[in-house]
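Enquirer: First to last, the protein sequences are chains A and B.
Just so it is clear: in the first sequence, position 90 is 90 by the numbering used here, and no numbers are missing.
Just so it is clear: in the second sequence, position 61 is 61 by the numbering used here, and no numbers are missing.
These aren't lab readings, by the way, just hints derived from the structure by calculation.
Since we're looking at a predicted model, the values are computed, not measured.
Yeah, the Cβ is synthetic: ideal placement off N, Cα and C, and Gly gets one too.
You may find that some hints are simply not true.
Said to hold, decoys possible - Here are the computed distance ranges between Cβ atoms for each label pair:
1. A:Ile-83 with B:Arg-355: 52 to 60 Å
2. A:Ile-106 with B:Ser-392: 51 to 59 Å
3. B:Arg-440 with A:Arg-16: 41 to 49 Å
4. B:Pro-372 with A:Gln-3: 25 to 33 Å
5. B:Asn-391 with A:Thr-93: 53 to 61 Å
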Amino acid sequence: MIQKFFSGLYELFLGRPIPANFTNDYREVVFPNTGLMLFIITLAIVIIYYYVLNRAMSTGLYKPRHWFMFLILNAIIAFIIPISQVNGNEIETHSYTYMFAFVNVIYSLILFFVFSILLKRGSVQAWTTPMKWPNKK
Amino acid sequence: MLLKSFVRSSCLLLLIVVFALTGCFKKQSGKEETEPATTTPAQDEKPATKVKTPATTSPTETAAPSKVNVNVYLEISNGMKGFMPTPAAGKEATTFQNNLNKLISEVQDGRYVAEKGFYLAKEDAQSRPVLDSVSYNTIKSYIVSGIKDDVRGTPLPALLQSALKKSIEQGAVSVIISDFIHGPDPRDQGQFISLDSDIRSSLREAEHQGLAIAILGNTSPFYGTYHPAVKKPELRRTLNGEEIPYYIWVIGKQEDVQVVTNKVLRNLPAQQAYFGFEYKSIPYSALLKEKQFKPAGVVYCSSRNADPCTSVNLQPEKKGPVEFTIGLDLSQLPMSMQSIDYLKKNLKVVSTGSRPTMISVTGADESIKATPDLAKYSHFVRVRVPELTANSGTISVQLPQVTPTWINAWSTDNDNNPAAAQKKTYQLTKIIDGVQALYRDQSDFVFNATIQFNKAD
């Protein structure tokens with residue numbers, strides 16, 4: 001189920017894995033692993049940003065450029081994970097691998113934004129970061 | 001200032017956490033990789049159980065017995081005398097004498113023979129076959145110093161039958177050495193007409209007992225009186241070193257016959273024929289991740305960790321036909337069947353649901369033998385699948401049972417003048433037809449390696 005979901009998610013833009021003889025390694029291991037890690041790490045960073053740094057600790061990192069820094073940090077992690085996954089599973093590296101990493105970065109940006117919108121209202125200092133919408137007050 | 005350093009350190013902390021996390025995940029996936037590999041045979045996948053994993057079934061078939069019982073039957077009719085001329089100073093031994101000497105000595109003293117028996121095959125006055133049990137020294141003296149007896153003919157089918165009967169009773173492999181020139185009673189020449197069916201009847205018991213037959217053809221210089229089967233224009237001829245064929249027939253259980261051919265006889269002649277040989281479960285696998293055999297096009301193993309991989313997913317495209325390699329372990333097969341030339345000529349790739357062609361057959365070279373995953377395969381067949389005609393099906397590599405070409409070349413309908421047409425045996429094809437008829441209803445293939453396929457999604 002999860003395998004199908006993530007395989008579909010990545011292959012939507014990437015197409016069939018190349019080299020094709022590693023199709024099952026991508027579908028059964030690399031895609032789900034990368035997808036799950038993307039999801040968990042992005043969520044963790046968003047929670048840390050809004051609830052640890054800007055609520056529990058009040059560090060003053062509430063400005064949009066701080067948020068942006070965390071967005072980029074998450075994107076870098078999202079670029080490294082797929083490549084390490086591919087290498088870790090002894091799959092031949094191909095330009096497909098880097099396209100995959102790139103697509104993962106795009107997903108990380110979207111996901112980070114979505115989580116921010118959903119969770120920022122719980123933050124004390126950063127509830128308007130990166131912008132006020134959709135919260136009113 | 002303080003803030004900046006905090007940001008930096010917190011970023012660092014995050015990174016560490018992240019890497020720790022990736023570490024965890026990798027480990028997990030690593031486990032996934034190794035665990036299923038050990039449990040592959042238990043997988044509930046259909047193809048895997050259907051084709052039956054070779055690893056589990058092969059031992060019963062491939063476990064070659066370390067020792068076999070051997071009965072050697074040497075035909076000593078007058079027609080054989082020329083192979084075993086009486087020795088004289090300055091006269092070299094014939095090929096026949098050299099080879100036979102090695103053979104009986106290996107049977108007598110070799111480590112692969114348990115019980116042994118030596119028999120001289122002749123006929124009595126009524127043309128009935130007689131098998132004289134003799135000692136090693138007696139048979140040796142016949143071979144090195146010639147045949148003293150006067151034995152007129154060779155009733156070939158009857159001889160085979162009685163030799164076979166004796167061996168089956170004693171649980172031994174029969175090794176029958178003869179020129180296989182049928183010499184029936186002169187009053188009953190009609191036997192030539194029915195030679196094939198007579199041979200078949202005489203060996204019927206072999207087929208019933210599930211025995212296999214290996215026929216090895218060789219030639220030797222012949223000195224002395226040659227008795228052709230066709231008695232016109234000459235009743236007999238005197239030859240002086242012309243090459244005349246003789247044959248060694250090995251009859252027994254497939255694995256026992258192989259012990260005899262590979263370990264007792266050793267240096268086999270190029271002319272070999274095998275009947276009733278079948279290998280139900282040779283190890284094989286589609287090789288899709290090996291660097292030496294990179295596949296082309298969209299093809300991958302249906303199960304990520306299957307070893308051996310006997311089920312693949314593939315999707316040939318107009319521009320990109322699928323190509324992949326199937327590794328086979330043919331080391332159990334008779335040597336002549338392992339030769340690349342033979343396989344190239346005879347191996348067939350057939351399929352339901354696709355149109356495959358065989359691109360190449362290669363043997364394992366040193367670099368392959370040094371690769372642990374590949375060392376278990378002796379031959380590699382490259383297959384191209386340009387298109388599918390169904391969404392699923394099978395691709396099989398098969399070695400059909402074929403009559404070797406040398407049999408036709410060595411057969412003649414008139415053996416009256418062997419000097420003009422050397423290396424010919426009268427009606428050899430007919431004799432072989434008789435043998436073949438025995439196994440006609442058995443499997444058509446020496447082996448069959450089937451890969452299931454599904455269209456890739």
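Enquirer: Indicate, hint by hint, whether the structure satisfies it.
Expert: So, going through the hints one by one against the coordinates:
The beta-carbon spacing between Ile-83 of chain A and Arg-355 of chain B, approximately 39 Å, falls outside the hinted interval of 52 to 60 Å. A hinted range of 51 to 59 Å is violated for the C-beta pair Ile-106 of chain A and Ser-392 of chain B, which are about 36 Å apart. Checked against the hint of 41 to 49 Å, the C-beta distance between Arg-440 of chain B and Arg-16 of chain A comes to roughly 48 Å, which is consistent with it. For Pro-372 of chain B and Gln-3 of chain A, the hinted distance range of 25 to 33 Å is satisfied, since their beta carbons lie about 29 Å from each other.
At roughly 32 Å, the beta-carbon separation of Asn-391 of chain B and Thr-93 of chain A lies outside the given 53 to 61 Å, and the hint is violated.
Of the numbered hints given earlier, the model fails hints 1, 2 and 5; all others are met.
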